[in-house]
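Throw the hints in and build the complete structure from the sequences for me.
Chains as they are written, first to last, in UniProt numbering: chain A, 1 to 347; chain B, 1 to 347.
Each hint should be verified, as a subset may be incorrect.
These stretches of chain B come out as covered by chain A in the derived footprint (C-beta under 8 Å, 3 or more residues) [stated by the list, open to error]: (1) 137-151; (2) 209-222.
Here are the in silico distance ranges between beta carbons for each label pair [said to hold, decoys possible]: (3) G60(A) - H139(B): 41 to 47 Å; (4) G86(A) - D40(B): 44 to 50 Å; (5) D283(B) - G86(A): 58 to 64 Å; (6) R323(A) - D309(B): 36 to 42 Å; (7) G290(A) - A72(B): 27 to 33 Å; (8) V27(A) - A222(B): 29 to 35 Å; (9) H139(B) - D309(A): 46 to 52 Å.
From the structure, some residues in chain B lie toward chain A, with a derived Cβ separation under 7 Å [unchecked claim]: (10) P94; (11) V97; (12) D133; (13) A204; (14) V205; (15) P238; (16) M245; (17) T292.
If you are wondering where the hints come from, they were derived from the structure by calculation, not from laboratory data. Just so it is clear, CB atoms sit at the ideal spot from N, CA and C, and this is done for glycine as well.
There are 2 protein chains.
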Amino acid sequence: MFLQTISDAAGATALPQPYLLFLGDTVEPGFAKTAFGLRDWAPEKCTAEYALPGATVTTGLPAMSPAQAHQAGARALLIGVANSGGVLPDNWLPALVEALEAGLDIVSGLHMRLAESPILADTAARLGRRLIDVRHPPHDIKIGTGRKRSGKRLLTVGTDCALGKKYTALAVARGFADRGVDSDFRATGQTGIMIAGGGIPMDAVVSDFEAGAAEMLSPDSAPDHWDVIEGQGSLFHPVYAAVSMGLLHGSQPDCIIVCHHPGRTEMLGTPGYALPSVEEAIDLNLRVGGRTNPAIRCAGIAFNTAYLDEGEAVALMAEESRRLGLPVADPIRRGAAFDQLIDNCLS
Amino acid sequence: MFLQTISDAAGATALPQPYLLFLGDTVEPGFAKTAFGLRDWAPEKCTAEYALPGATVTTGLPAMSPAQAHQAGARALLIGVANSGGVLPDNWLPALVEALEAGLDIVSGLHMRLAESPILADTAARLGRRLIDVRHPPHDIKIGTGRKRSGKRLLTVGTDCALGKKYTALAVARGFADRGVDSDFRATGQTGIMIAGGGIPMDAVVSDFEAGAAEMLSPDSAPDHWDVIEGQGSLFHPVYAAVSMGLLHGSQPDCIIVCHHPGRTEMLGTPGYALPSVEEAIDLNLRVGGRTNPAIRCAGIAFNTAYLDEGEAVALMAEESRRLGLPVADPIRRGAAFDQLIDNCLS
Numbered sequence: 001m002f003l004q005t006i007s008d009a010a011g012a013t014a015l016p017q018p019y020l021l022f023l024g025d026t027v028e029p030g031f032a033k034t035a036f037g038l039r040d041w042a043p044e045k046c047t048a049e050y051a052l053p054g055a056t057v058t059t060g061l062p063a064m065s066p067a068q069a070h071q072a073g074a075r076a077l078l079i080g081v082a083n084s085g086g087v088l089p090d091n092w093l094p095a096l097v098e099a100l101e102a103g104l105d106i107v108s109g110l111h112m113r114l115a116e117s118p119i120l121a122d123t124a125a126r127l128g129r130r131l132i133d134v135r136h137p138p139h140d141i142k143i144g145t146g147r148k149r150s151g152k153r154l155l156t157v158g159t160d161c162a163l164g165k166k167y168t169a170l171a172v173a174r175g176f177a178d179r180g181v182d183s184d185f186r187a188t189g190q191t192g193i194m195i196a197g198g199g200i201p202m203d204a205v206v207s208d209f210e211a212g213a214a215e216m217l218s219p220d221s222a223p224d225h226w227d228v229i230e231g232q233g234s235l236f237h238p239v240y241a242a243v244s245m246g247l248l249h250g251s252q253p254d255c256i257i258v259c260h261h262p263g264r265t266e267m268l269g270t271p272g273y274a275l276p277s278v279e280e281a282i283d284l285n286l287r288v289g290g291r292t293n294p295a296i297r298c299a300g301i302a303f304n305t306a307y308l309d310e311g312e313a314v315a316l317m318a319e320e321s322r323r324l325g326l327p328v329a330d331p332i333r334r335g336a337a338f339d340q341l342i343d344n345c346l347s
Numbered sequence: 001m002f003l004q005t006i007s008d009a010a011g012a013t014a015l016p017q018p019y020l021l022f023l024g025d026t027v028e029p030g031f032a033k034t035a036f037g038l039r040d041w042a043p044e045k046c047t048a049e050y051a052l053p054g055a056t057v058t059t060g061l062p063a064m065s066p067a068q069a070h071q072a073g074a075r076a077l078l079i080g081v082a083n084s085g086g087v088l089p090d091n092w093l094p095a096l097v098e099a100l101e102a103g104l105d106i107v108s109g110l111h112m113r114l115a116e117s118p119i120l121a122d123t124a125a126r127l128g129r130r131l132i133d134v135r136h137p138p139h140d141i142k143i144g145t146g147r148k149r150s151g152k153r154l155l156t157v158g159t160d161c162a163l164g165k166k167y168t169a170l171a172v173a174r175g176f177a178d179r180g181v182d183s184d185f186r187a188t189g190q191t192g193i194m195i196a197g198g199g200i201p202m203d204a205v206v207s208d209f210e211a212g213a214a215e216m217l218s219p220d221s222a223p224d225h226w227d228v229i230e231g232q233g234s235l236f237h238p239v240y241a242a243v244s245m246g247l248l249h250g251s252q253p254d255c256i257i258v259c260h261h262p263g264r265t266e267m268l269g270t271p272g273y274a275l276p277s278v279e280e281a282i283d284l285n286l287r288v289g290g291r292t293n294p295a296i297r298c299a300g301i302a303f304n305t306a307y308l309d310e311g312e313a314v315a316l317m318a319e320e321s322r323r324l325g326l327p328v329a330d331p332i333r334r335g336a337a338f339d340q341l342i343d344n345c346l347s
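Spelled out as structure tokens, the structure:
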């Protein structure tokens, strides 16, 4: 099991596991990305799936009722589907109440808090169950200190938002585990937190506490232990760079991997803002990150090449690797280039 | 009146004015920095002072009861003293209730919210008065857009925290006003907000909204209007840089002034972290700020030279000005160097 809970990071959310994946009445696979992410990255944490009549989406896991799942070991129903607006539909409520009555807590990444539903709040209070909203950070985050912590850390950073920082961190953590390296994936966004079973939603932390939250997320560890930390946003993003800045300072990474989408020309959501080059992103991240860890280095580049065919992607990455003098790999395609990237992180 | 309210910045706190400055039973002038700041920087917003028996600190303003102050035009009692812990002492409560009954709202920068006191909450509700905690940001801050806004902006940035960014911005705003330049001081911390009569406490904003809050703080304005924005923290501070980053991106400054304390060797509160050089601070701030305003430039340096005598300070600033090729001035000492700094901002 390469993904562990982070109950050792005092105060960071530690989720009840394993999960019963709730699919609602979803007919659109795109809305079930959370459930698929859980199945792909934390199968040992997924007992079964549970869908309402009319749902056509499936993860391929066994279908169980909440009572059956509880009997099979599940400890929480996890809402594995998003819906537009982030609000809990009324027709899901009977199933969620059923889960609470079957002995399961509920884990949600929806924008709306679970306890805003009176029937869920009342039922959970009556039965002593937990309603856990992973979009909301813990209340006991402290101001950072800048103190150097023991152990090794890797942070995925980006030229932009939404181009593979979570996926890259998960793939690197798995690569480390495959080589027998003691490591933890440290999650900073809601889907990552569900996969890891814990973490801190860094974009929801008050800015004065941003670096402190990152410090709390990856505490002191054994000298050869690696924390592989999911990056957020980009130092170059005109809207979200505050999140990236605090996460970089507080993470004190020994290694960064720069995640990039070579086919994207404009920053997500901000027309007119060009993506920085990979070299600019390496340079600024090393400069800023060097403030809290002077030994920081860039171990390589993760390209998102889904828009290219295999031959084009491999050729582009080989050319960029020669030009930059660093491993360049697509963590979805894997292959020899990805092995080189993992090797370079550990070298 | 060079300081105006920012009720034009939709949603940013706009405080009821003028104020009756409340001094509690304070005997230590250091605890009354807020009251002195108001007297020095916004005298037109200060009707009178009000102290409890035993107080020895005075601002020199006329002493009035809440009823007298209301009659004289005051619209709020402003708590002008801090106390250790940021909690409201019980022996202040009768005076605060008296103020509400006299028709005044209450403005506080204490950590504790005013409404946590049941008697204040009840009295304010009964009389329809407002209890305003300036440490807490407005609820309607939106995600930023990165869109370029009209008008001119200046931001004070720092090599560290607590070395004169607020004071420099206030002095520059006054210098602009003295030259007849249309400008507003935009406050980002609690004392600044009380002085300006509005603003956003940037360190209390959720990090995802940090740049958006800065965008809201200095909205579109006339082409030759200047917003002079109070800086926070430092891009180099291992704990607070997230605040500085979002504020820099969202402010889109045309000019920065780098604030520095030449006698300080270590970052505030983080042992082992050296201050960056002025050149490093100029370079990184221009690089990061250039992302949202490619025309950004450094107009000069503000030195905090309180630890030097006049001759030493003037000699050091002249030497540094030659070396850096920029005006270097102490906004408390003023003089010709400060005039040059103002000129260079407007050039």
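Structure-based check of each hint:
1. 137-151: holds (count 4)
2. 209-222: holds (count 3)
3. G60(A) - H139(B): 41 to 47 Å: Given range 41 to 47 Å: holds, Cβ gap about 43 Å.
4. G86(A) - D40(B): 44 to 50 Å: holds, 47 Å
5. D283(B) - G86(A): 58 to 64 Å: Given a distance of about 41 Å, which is not inside 58 to 64 Å, the answer is violated.
6. R323(A) - D309(B): 36 to 42 Å: violated, 56 Å
7. G290(A) - A72(B): 27 to 33 Å: violated, 57 Å
8. V27(A) - A222(B): 29 to 35 Å: violated, 53 Å
9. H139(B) - D309(A): 46 to 52 Å: holds, 49 Å
10. P94: violated, 33 Å
11. V97: V97(B) check fails; min Cβ-Cβ to chain A is 31 Å, beyond 7 Å.
12. D133: violated, 15 Å
13. A204: With Cβ-Cβ at 6 Å, under 7 Å, it holds.
14. V205: Holds - the Cβ of V205(B) comes within 7 Å of chain A, reaching about 6 Å at its closest.
15. P238: Check passed: Cβ of P238(B) comes within 3 Å of chain A, closer than 7 Å.
16. M245: Given a least distance of 4 Å, the restraint on M245(B) holds.
17. T292: With a closest approach of 5 Å, the T292(B) hint holds.
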